[in-house]
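> Read off the chains here:
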Amino acid sequence: MGNVSSIIFQRLLLGLVTLLIVSIVIFVAVNLLPGDFAELILGQGATPEAVSTIRRDLGLDQPLIVRYMQWLGGIATGDLGTSFAQLNFKTNLGGAGDVGVIDQILPRLSNTMFLALVTAAIAVPLAVTLGVLAALFRNTVFDRVANVATLSSISSPEFFMAYVLILFLAVLNPILPSLSNIFEGMSFTERLEKSMLPALTLTLVVTAHMMRMTRAAIINLLASPYIEMARLKGMSPMRVIVKHALPNALAPIINVIALNLAYLVTGVVVVEVVFVYPGIGQLFVDSVKIRDIPVVQACCLIFAAAYILLNLTADILSILSNPRLRHPK
Amino acid sequence: MSTIVWIVGALVVIAAGGYVFRLLGQMLTGNAPKYRDMSFGVAFGYVLAVALVIGTVWFYLQPTVVEVNGQQTAVASVTFFRWAVQAVILGSVAAYWFKFVGKNFGPEASRKAFRTMPLTASFGILIIGVYTFVAIFAGQIAVTTIIGLAIGFMVILAASRNRLNKDSHAGIGFLLFAILVICSVMYFVGPLAPYGQEEILGAANILPGGNTATGGDPAYPLGTDSIGRDILSRLIYGAQNTVGIAFVTTVLAFAIGVTLGFLAATLGGWLDQLLSRAVDVLMAIPSLIFALLLMTIASVWAPRLGIPLTYFMVLIIAVIDSTRVFRLSRAVASNIVVMDYIEAAKLRGEGLGYLIFKEILPNATAPLLAEFGLRFCFVFLTIAALSFLGVGIQPPLSDWGTMVKDLAPFINFAQFAPLAAVTPLLAAGAIALLTVAVNFVVDWMLHKSSGLKE
Numbered sequence: 001m002g003n004v005s006s007i008i009f010q011r012l013l014l015g016l017v018t019l020l021i022v023s024i025v026i027f028v029a030v031n032l033l034p035g036d037f038a039e040l041i042l043g044q045g046a047t048p049e050a051v052s053t054i055r056r057d058l059g060l061d062q063p064l065i066v067r068y069m070q071w072l073g074g075i076a077t078g079d080l081g082t083s084f085a086q087l088n089f090k091t092n093l094g095g096a097g098d099v100g101v102i103d104q105i106l107p108r109l110s111n112t113m114f115l116a117l118v119t120a121a122i123a124v125p126l127a128v129t130l131g132v133l134a135a136l137f138r139n140t141v142f143d144r145v146a147n148v149a150t151l152s153s154i155s156s157p158e159f160f161m162a163y164v165l166i167l168f169l170a171v172l173n174p175i176l177p178s179l180s181n182i183f184e185g186m187s188f189t190e191r192l193e194k195s196m197l198p199a200l201t202l203t204l205v206v207t208a209h210m211m212r213m214t215r216a217a218i219i220n221l222l223a224s225p226y227i228e229m230a231r232l233k234g235m236s237p238m239r240v241i242v243k244h245a246l247p248n249a250l251a252p253i254i255n256v257i258a259l260n261l262a263y264l265v266t267g268v269v270v271v272e273v274v275f276v277y278p279g280i281g282q283l284f285v286d287s288v289k290i291r292d293i294p295v296v297q298a299c300c301l302i303f304a305a306a307y308i309l310l311n312l313t314a315d316i317l318s319i320l321s322n323p324r325l326r327h328p329k
Numbered sequence: 001m002s003t004i005v006w007i008v009g010a011l012v013v014i015a016a017g018g019y020v021f022r023l024l025g026q027m028l029t030g031n032a033p034k035y036r037d038m039s040f041g042v043a044f045g046y047v048l049a050v051a052l053v054i055g056t057v058w059f060y061l062q063p064t065v066v067e068v069n070g071q072q073t074a075v076a077s078v079t080f081f082r083w084a085v086q087a088v089i090l091g092s093v094a095a096y097w098f099k100f101v102g103k104n105f106g107p108e109a110s111r112k113a114f115r116t117m118p119l120t121a122s123f124g125i126l127i128i129g130v131y132t133f134v135a136i137f138a139g140q141i142a143v144t145t146i147i148g149l150a151i152g153f154m155v156i157l158a159a160s161r162n163r164l165n166k167d168s169h170a171g172i173g174f175l176l177f178a179i180l181v182i183c184s185v186m187y188f189v190g191p192l193a194p195y196g197q198e199e200i201l202g203a204a205n206i207l208p209g210g211n212t213a214t215g216g217d218p219a220y221p222l223g224t225d226s227i228g229r230d231i232l233s234r235l236i237y238g239a240q241n242t243v244g245i246a247f248v249t250t251v252l253a254f255a256i257g258v259t260l261g262f263l264a265a266t267l268g269g270w271l272d273q274l275l276s277r278a279v280d281v282l283m284a285i286p287s288l289i290f291a292l293l294l295m296t297i298a299s300v301w302a303p304r305l306g307i308p309l310t311y312f313m314v315l316i317i318a319v320i321d322s323t324r325v326f327r328l329s330r331a332v333a334s335n336i337v338v339m340d341y342i343e344a345a346k347l348r349g350e351g352l353g354y355l356i357f358k359e360i361l362p363n364a365t366a367p368l369l370a371e372f373g374l375r376f377c378f379v380f381l382t383i384a385a386l387s388f389l390g391v392g393i394q395p396p397l398s399d400w401g402t403m404v405k406d407l408a409p410f411i412n413f414a415q416f417a418p419l420a421a422v423t424p425l426l427a428a429g430a431i432a433l434l435t436v437a438v439n440f441v442v443d444w445m446l447h448k449s450s451g452l453k454e
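Chains as they are written, first to last, in the numbering used here: chain A, 1 to 329; chain B, 1 to 454.
Careful, some of the hints might be misleading.
[What the hints assert, rightly or not] What follows is a set of in silico ranges between Cβ atoms, one per label pair, in the way DEER data are often shown:
#, chain 1, residue 1, chain 2, residue 2, range
1, B, Thr-56, A, Val-242, 51 to 59 Å
2, B, Glu-199, A, Leu-16, 33 to 41 Å
3, A, Ala-121, B, Ala-15, 23 to 31 Å
4, A, Val-17, B, Gly-228, 36 to 44 Å
5, A, Leu-20, B, Phe-40, 52 to 60 Å
6, B, Pro-221, A, Asn-220, 48 to 56 Å
7, A, Leu-126, B, Pro-409, 48 to 56 Å
8, A, Ile-8, B, Phe-40, 38 to 46 Å
Just so you know, these hints were derived from the structure itself, not from any lab.
Ideal Cβ positions, reconstructed from N, Cα and C, are used throughout, including at glycine.
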């Protein structure tokens, strides 16, 4: 096991380094903005005194490296700064006190996680079952229809899927609500019902990809001698595939599932906007539109971290599912 | 809840039907091998397919208007279902005839390609052709463009005379001549779009359909939007803007990615390390998120520099997507540079330019071409998503993503006015149709080149 744990340790370290570099990229990109935050907050009618005050308050008179270190230190202690919108609200209208970016992001992040989990719970079993069926009935009418259908659903934009589902399931046949109005203290079933349409849309997008990869991974193995042996023993095709091919195809399947989960966390932006789902993607787009830099920066970092983490998980799981690495000679 | 009960009930009935179907087959054919060895799954599949066909036909034949309490009420779902079925049938028939024409006319090489391609691929080629035609002739084509094309084609023909054999030279000449004829005809026919894309016409919010009794106007077949621009014209111009910008972006991404990828593979050393690590970092950030971050910054810069935001968007997406192209072209090229013929060329003393353009590029064309198709789809979808979120292609240019965003609320009226709900779906469907078409063609190309038979 020493071999595997050292490989995994290396991967974890590599992931951490990647995350650090990504944070530098994001920080530098944000600092490419002309002028600085102070002018952005105050807008057109900024007086020099006001600008210099805000600059001092936010520490913008410090050199770039010091500011980066401060930002990084803030992230480590859970302090992501305060959004411009909240600052404005506080100074101009005497608003709600100190609402940091972290307080804005956390509830929304948990909403997005909920959506991703619901989607995964529907999509993963569905995709693996359909993939096995497509491999079992390969080159039949079912396989052709599945091929055309999955290819179409992979290549359609998410909002097309979303609006078609809204049209058929919310407007023409009012089965599910078309707006995901989610708030604190809802019961679980109600919440599930409200987030069903966005989850179904995401399911359509990710199932197709996972199903194609499952089918390809299984078909790849069907030419192996041990599959032929199993067939010659007189096993039923279903049993050959489920008992003999599927366990050996697990590594690529797990990999593609993890990659699609990474897509679920990061690719939800458009779907959340369509259904007005109060997730982190919606917050991100809103902040992009009003150029609320601290929020954009923080969301970007969270998305990148989730993406890197899930890719890392995929990597580690595929190492763990490889018997040659688990039991070295 | 009752919906789930209905679905489960239907599945149970179909399962029973499958069992009976297999049993009947075995009894009636005297246990023929086909029925004797049929697994239950296959029998279930047959009955399910028959049930689906019957269900489709039955639902298609439902009346679109029913009388409830003495009032005529439209059943919108039947209307939409009919449109969807008609679109699928029309697409299949068009693809069939296109394949038929391609199979029987033209040079032998293209006839052979058409003979072996599946219906989906011929559908894809047909759609790509239609989109190109609409994109090019959306506005009035200028005389100078036609003359420029004629001169350019002449130069191409003269330059390629000695390099190609006689038949393919004649074939290319005929193709270029046909393009010139089409351009000239379209010059006299005029623009495809009835109005300009920015033109604000008299009345706003005219419903589609052109029926004055239901709030339409025959002058605007698809109606007008909330500030009185003709939706049909904007859809047609959308082909030019959305597809054109996506195409330019993809070409740019390929120019950057392939150049750097080939250089990294041929030169190796620290350049390769530097570029590969930089690409690793850029690829660790999800592309749509990174594009949104950079667009935020660009949207501050754009007005200060006086450069339209759309240029920034093209550049940003090209750079982000070139990382993926870099990965592929580096992988392909590093498989080629270890070949003996590269060694021979190096020993002959050929320069870097000769190696890249004459030795590596011709051998890397097939995978790069397939990647171009896929990359175009991704770029196209990213641009559509950005525009849909409101930070992509900016007005007054019309584009499909923005149109979907602006017209989306009309979907909620589908129950009472099916026509009103059609326009946002048309714009979204236009995006989906093109990406589906390109994917069909790429899928066929990959399948053909991989030689997979299973």
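> Which earlier hints turn out false for this structure, listed by number in ascending order?
Of the numbered hints given earlier, those the structure breaks are 1, 2, 4, 7, listed in rising order.
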